[in-house]
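Asks: If you want the building blocks of each chain, they are given just below.
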Amino acid sequence: MPSSADPTTPLDSSALENVSLDAACERGATILTVNKRLARQLLGRREQALAARGGRVWETPKVLPWAAWLVQAYQALVDDGHHRRHPLSATQERLLWEAVIERSQAGGTLLRSDAAATAAVTAHRLLLEWGLERRQLLVEGATETRAFLGWLDDFERRCAAGGWLSAAALGQQVERALGDGAWAPPAQLVLAGFDEWTPQQRSLLERLRAAGTRLARLTEPAAGAAPRRLAFDDAAAETDAAARWARARLARNPTARIGIAVPDLRERRALLGDRLCRVLQPEQFAAGRAGEQAPFGFSLGPPLAEHPLVGDALAALDLAAGERSWLEVGRFLRSPFFAGGTDEWAACSALDRQLRAARRPAISAERLAGAFRQGPSGAGRCPRRAAAFARFRRLVAGLPRRAAPSDWAGHFDSLLTALGWPGDRPLDSAEFQAVRRFRDLLTEFAGLDRVVNRQGLSGVVAVLRRMAAEALFQPEDGTPPIEVLGLLEADGLRFDHLWIMGLDDERWPPPAAPHPLLPAALQRRLGLPHASAERERDYAGRLLERLGAAAPEIVASHARRAADRALRPSPLLSGWPEAKAAELLPPEPAPDPWSVAPPAPLDAVPDAAAPPTPRELRGGAHLLSAQALCPFSAVAGYRLRAIEPETPCEAPDGRIRGDIVHLALAELWGRLGGLEALRAADADTAVATAVRVSVERALAEASRQRPDLYRPRLLALERARLVDLLLAWLSLEAERAPFLVEHRETRQDLELVGLHLRIRADRVDRLADGRCVVIDYKTGARAGPGDWTGARLTEPQLPLYAVASERPVAGALIARLKAGSLAWLGMTAVDGIAPGIEPFAGTDELADWPALLAHWRERLTALAAELRQGVAVATPGLDACRYCAFPPLCRKAEAETSAGAAADVG
Amino acid sequence: MSVDTPVSDADARRRALEPGGSFIVQAPAGSGKTELLTQRCLCLLATVEYPEEVLAITFTRKAAGEMRERILSALHAASAPCPDEAHRAVTWRLARAAADRDRARGWNLLATPGRLRVQTIDGLCATLTRQLPVLSALGAAPTVLEAPEPHYEAAARRAVAALETDLAAALEVLLPHLENDVERLVRLIAGLLPRREQWLHHLLGAYPREALEAALRNTVTDQLERAATACPSALAPELLRLARFAAAHVDDPAHPLAGWAAAERLPGAGLAERARWLGLAELLLTRGGPNLRKRVDARQGFPAPSQAADAQDKVLFKQAKADFAALAAALGGHPDFLAELDECRYLPPPHYEDAQWAVLQALGEVLVRAAAELQLVFAEHAEVDFVEVHLRALQALGGEDDPTDLALALDYRLRHILVDEFQDTSSGLYRLLCRLTAGWQPGDGRTLFLVGDPMQSIYGFREAEVGLFLETRARGIGDLHLEPLALEVNFRSQANLVAWVHRAFAAVLPATADPAAGAVPYSPSVPVRAAEAEAGVDVVAAALRDDAAEAERIVGVVRETLARDPRASVAVLGRNRSHLLPGARALKAAGISFQAVELEPLAELSVVQDLRSLTRALLHGADRPAGCNVLRAPWCGLALPDLLATVGEGCDEPVWPRLAEPAVAAALSTDGRRRLARVRRVLADALAWRRRLPLCRWVEGVWIALGGPATLDRAIEREAAAAYFELLGRESHAGDLPDLQAFDRALARLYAPPDPAADGRVQLMTMHKAKGLEFDVVILPGLGRRPRQDELPLLDWQERPGRHGDIGLLLAPIRPTRDAAEPIQAYLRRLGAARSRLEDGRLLYVAATRARRRLYLLGHAAAGAGPGRAQPDAQSLLARLWPAVETAFAALPAAAPAPAPAAPAGWPLRRLPADWAPTALDLRPLGTPTAPTVQDVEEQIPFDWAGQTARHVGTLVHRWLERFARDGAARWSPAQVDALQPRLEAALRILGVGDEHLPEAAARCTRALRNVLNDPRGRWILGDHPEHRAEYALTAWQDGRVRHYVIDRTFVDADGTRWVIDYKTGQHLGGDVEAFLDREQERYRAQLETYATLWRELERRPVRLGLYFPLLPAWRDWSP
Ligand code: SF4
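Protein sequences appear in the order of chains H and F. Per the working numbering, residue 352 is the first one in the first sequence, and the count goes up by one each step. Per the working numbering, residue 3 is the first one in the second sequence, and the count goes up by one each step.
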């Protein structure tokens, strides 16, 4: 090719000498690819070809991506003493930008300076690759560009001071060295997969050519494709079809190289993974282990931080920083990736449950250690995790307050080792790779000393976490026959079958997206990537053209709808003939993992009886209440004890606040003794003092239990509120007939038809006539007496106390202690026992007060008998079910739908 | 076709297509506004340089999609010949011009449809912030959350927690107001944060009591003035006389009428006159509404004649009563006056009490703080809500005085903006529009085109301000005057329906416009379609709420409609989702498939509940309820006795370890044992895979293995299961569900997917969702039902344009928990209630006008005493529609409530047979994947943190030895090596050696290199031998897989022996070097002998292996 040899003409890709892969390898030329993936595929193809020809051992061809080649060239410059500057790693560079941006005026207030740093890195790369003039940027740019240029100045200053070099500047350096004669050009280079060159690349190549390097272009004959296109209802149907197609092709030829290319792989990854697993590994899927040894692989994985093993490691490092949320502590306890992770899982989970019972939202390492040591279920049950945590804490105690990343990296390693990371189980291949990748990341992190300040643990863990979030990780099991990759990554590759999906008009060509930190008009003029719709269209069109020749079979597809929008095929597909799905897909339906369990007729057995209840059962009055509401819920709650783990509370909730009122009232009546104290001559001050002291006591107890909830100011506010509340309440007590408070929160044992119940009335008063009144305090909004005359006593507390009372009972009262609606509620035998309460006048069935008491005893006994017998029928009702936690256990939803279904039939 | 004859509003339509003008178009239902928008877009495209200069803003993404589709279709069709129908020809001609422009400018819109700017407001704001990362202070596009509630809560919590730090003063006022209920305060604040676009700017500015009280005063005086104006002057003397009479006859000086005693004239608008207005209201009106008093008595100052002291008084009293009756009769003709007078009774006090003010101020501080905390929470998570994107976009557009030059940022100039559904504009979008059009002048070639129908403004709950439409129509935006145009032709509905709508909504909607109050009057439509034989509207009246009967009626109508015309479309439109459920169930029971979006909550299905339990049980070893339910669900189905024995009576231990205990199995029935054994096996297998698969795939696999799919017999259950796994996939992170509560919240938002069998003829949706759609038949069920009520917010506010053009802000704090009322709040609530009543009327208008042919209205109104006294619930939609449908309810008999059906108790347990086993799949096997490429074994050394530096030293030494070999050892002397120190340091640093290790590491490299050059063996190794290679990379095909090797050094010596040498850069400290070397030789023997086999494949020379230790230096060699 004369023009490619002529060093004075501008370099033209199409004018370069064309060589085939084999020829290039045999020449011993270095092949530079546009990206890593192409390098790998070229290498793999060469290997397959040689192995097929019976080759056993051969010299590895030199195939490497352009960027890696530049790094090598720069390395040589360093070894030769021409350069000393340190090329920044991607992370170092980003962190440096971030520091610059955070310090700047424009950047200091950004919501996401980290993302701005990423944008600045790209802008800087474009600036270097496209040789953008700063002056020009200043002239054309607005606020965004000016901010970027300001950052750039600072960035360059720091680079100079630190002896650093942006990775994007390597090309320039090598080119310069070539000009200075400091670097010997290679004899020959073969370029593969470059659709276009950046001005920087072009200029370096031109210089190489001038220096005598023989440049060639890797070309391969078109695969002779006859591309077709298909349309599907939605992305799910499209993905299904692609999976079935891939399965059919693979079944026909197990060594076929199959590609599935997608413009938006990141978004579609989950869907694709799911469908490919279902269709290609239905048996494994149905056994809960799809994904192992899969015949497909993705070019792009999720972030490393999302790998369970790494995610848990990062979370565990956070544990060293002090208090953590209960969710994180729970995650640590349940994790399989630390010592005892397999055998002690249930015990550790129980420990989590136990910690949650205290309802603290934040748990310190100390508390956790304490739980390990002395939890009621005993440390003996998760000894290995406990020991690991103890080791961990000892190390934590010795951690520096601030240190450099390289120091921290060592500490992190030992902290994780102390915890027994990555766990007791043998690692599977993906886990093994994740561990290795994480360690590489730690190594890279250790290299951040000069860009990250010495700082404390939580700061550096955050840096590490971000690195892990940005590092994509895809475990690899060889080269699977089906490769799923992004459209750009597929460029240059060859397949036997290629399916390009997602080619609708919204995605392809992609809309213009000029870089926000550079002047848009300038970008368009110079033709920077993504700068304008025209450029995107041309680029996307060329790419599609190349992909259309990348395999003997090419299928392109798109969805007709996405959410509530209609989609059209990409306009760039207009030349591709439309096919019918039936022509490309196998006739049999897609393999479906669910079909291992086809719908089976279900047995229906009666199940309303539990075995008799033992005499001792925790629950007291609540147990009877549950039995009255719905017998099944009593079984579920008190016998099966199907009780949800507690949810921590971050502020005093109704329960805690109610407990305090109870406590304060118990205290108060302990001091006052009875009505007389309220009527004494000096009552005002004495009562006020008693109230204050009682409130103080109750709050002291509350804040002893939960110092995190009751901090000083809230405590003061609560003190004032409670004093007001109690004083207001006492005015209602003052209007009562004379009484003495006989019991306050006294435990009592009650035996009902062989059922032993432990109950505790809030209060029992003795009246002048010797009879007593049982009292229940209610602080909630829904405080009211239940139905005490009906057949089922769904609020049996007060009747139960009445029945248990050794003295004759003259009243059962609820004290409603809600500010704004303080009141006495309930039933009494005679008038005047409490203000506003009329004596029980009888009903149709219950003639008088003694009849009511008898009714209570009879109903409660019947309830207890039911319980004892094991009556467990579910009796749904609006009130019963509203706050019930057992619907899945009682099968109510199922019963309703099957009743509905039966009705449908009938 | 009648559509092609010129229509009555043809002029308006023509005008709307003039590219130079700015317009605001009122387009009632069915007037074809989308077509008009499309036409205008096309017509503008034909005039611009770049297509990006035209921006169309739609209300939903769906609408944006449709509009884009229409424009593209029109451009496509432009290459075909002109159609015959007149209205299509208009579009064709416009499209033709646009297509010509496209060609002339080389836009190629059909190949780059992305260049058409048709966006929602969210989309527009996202674009703006993406292109303006610095001005919007976002830095880069953050994730925009669909469900940001947890962030609101976190921010609110932090703000309240500042009680203990720097916000004590404010919170010490606010909390006692709410009985120190921190949780409630947090909830209330969190509830206000999504609406911060509305209140934040008010609270941020100066917050002067004086200005706010002025607004209160203006509110009062405005209303008094309205009353005074409305007062019929002819009746004034009589009013004055009788009021004075009454005042003279009330004894209580505190009586509302007392102030009239010495009155000389009717009261005016002054604050001091308020008492007399109240007195007058007391005299004339009964409690609770603008109803005239029919009789007066002593309480109103009209003593009974029988009470008179003497006969004269008796006559006087009698006369007064008669006069009052006459006055009342006359006033009956002035309902507007009575209404205004009534309003005077609810006015707020004209100033704040000090305590109120303190609360208000405290609240302001706390809310501002919460908004600030929200920013921090957003920053920590790199996530924001849609509101934030709006606010940031607005910020990026710059202030009024210094607007951002968008042309620079966007690379094109915005010349034309079209906004659809302008009646549902929020003040946020309005402000955005103001900024986007800042500086636009009439006639400068830039135009604004707003389309909407104020009668269809139904998004008040999303901050839509219908008043903005009216205001904008009256005043324009900025300097831009907008010419009002009105469409009136209804292309959609048959004439009978149009006529009914006309009659009904003229009465339902208010008579006059009032932007401040959100009142929009009815504006009429002219039908194009002829009347059909049927009346078009059926009112199905009931006396009692009976969902089942109503649902049956729906089924009947649907059946009948489809029987008559199988292609007809029917829609059931409900106010809330819950209003649709009875109908949905009945349709399903009747076997009629229908399309419904987000109707049935999946969390209520047992299959989803069981899956939730399975997930929890697999994630948390001590979640007892979940564990119990895994054993109870149909795939296992342990009956209660077996279940109790398995999980342990009254025990709190984890369920899981018990499953494996022999004692447990022994206590079970035979059936139970079999069931448990099967499930235990599956679960034990499953746990070995804990956290190794994506959570959704793991749970699904376990579920299949348990037999889950076998237990599902209904299609909806299978879809629900699939939807559950999809959700699990979205919500899980790193194979775990970190926050189960968050997952449950997401689960509660999960609805049954649309029925795939439905063809769209029958659709169920909310009235709001139906906006913009049309159907042959529309059924509106549950009109008599009362909507659900939300918790009252913490802060009530209202921007109130005064009668004199001034805008005042009315603010009220929530009432204290223990008090009954807060008058300012009560007043604002009243305004709010009036607003939502007006909006309900519009909602009905939207719903009713969806129908092309027939409309069914279903509702109940409790029959009062006697026939014809039925009254709908005041909150119901029926109450709004009452004037139009009352007659249908007149004939209803009073009915007694039917007893609630007793819920069934007890039911059998459904479960798989005990011997259930999975079926094998019959599949063609696939080839196994290619085995992995294996790297050189040396790479897989176990991780040794401390050895990192050593590794880097090794790398560098290898590199330099390669260099020496390449250059020829002869060119290098030990002395030269010393000079390399700086280069070595630079290289080591690049490799990642930390500063503190650098000198040591470099020294070690130098030592190694010097050793080699000093050592004759070293010089020999590096020497210039035949076929010498350094770092020689080989690939081998071994055991069916590819392996890669790199050989440090190889050459052929004089004897023709192939040397294969590996460098080991390890150190050895301490004694007995020989023993160390022996160990090393053993360690690497296999590795080197593999190398030897490679060479045997390549050539026939004898091979000799060597290990060279440059740091010692030492050497071992042997023949394989
Ligand atoms: S949901 Fe209803 S029926 Fe089921 S256990 Fe609870 S209360 Fe009983």
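Worth flagging that the hints you see were computed from the coordinates, not collected in a lab. Worth double-checking, as some hints may not be accurate.
As the list claims (entries may be wrong) - Listed next, the in silico EDC-like pairs over lysine to aspartate or glutamate satisfying Cα-Cα at most 16 Å (straight line):
1. H:Lys1169 <-> F:Asp821
2. F:Lys590 <-> H:Asp1004
3. H:Lys1129 <-> H:Asp1004
4. F:Lys590 <-> F:Glu385
Asks: Determine for every hint whether it applies to the structure shown.
Replies: Outcome of the hint check:
no.: 1; hint: H:Lys1169 <-> F:Asp821; in the structure: 12 Å, holds
no.: 2; hint: F:Lys590 <-> H:Asp1004; in the structure: 43 Å, violated
no.: 3; hint: H:Lys1129 <-> H:Asp1004; in the structure: 14 Å, holds
no.: 4; hint: F:Lys590 <-> F:Glu385; in the structure: 41 Å, violated
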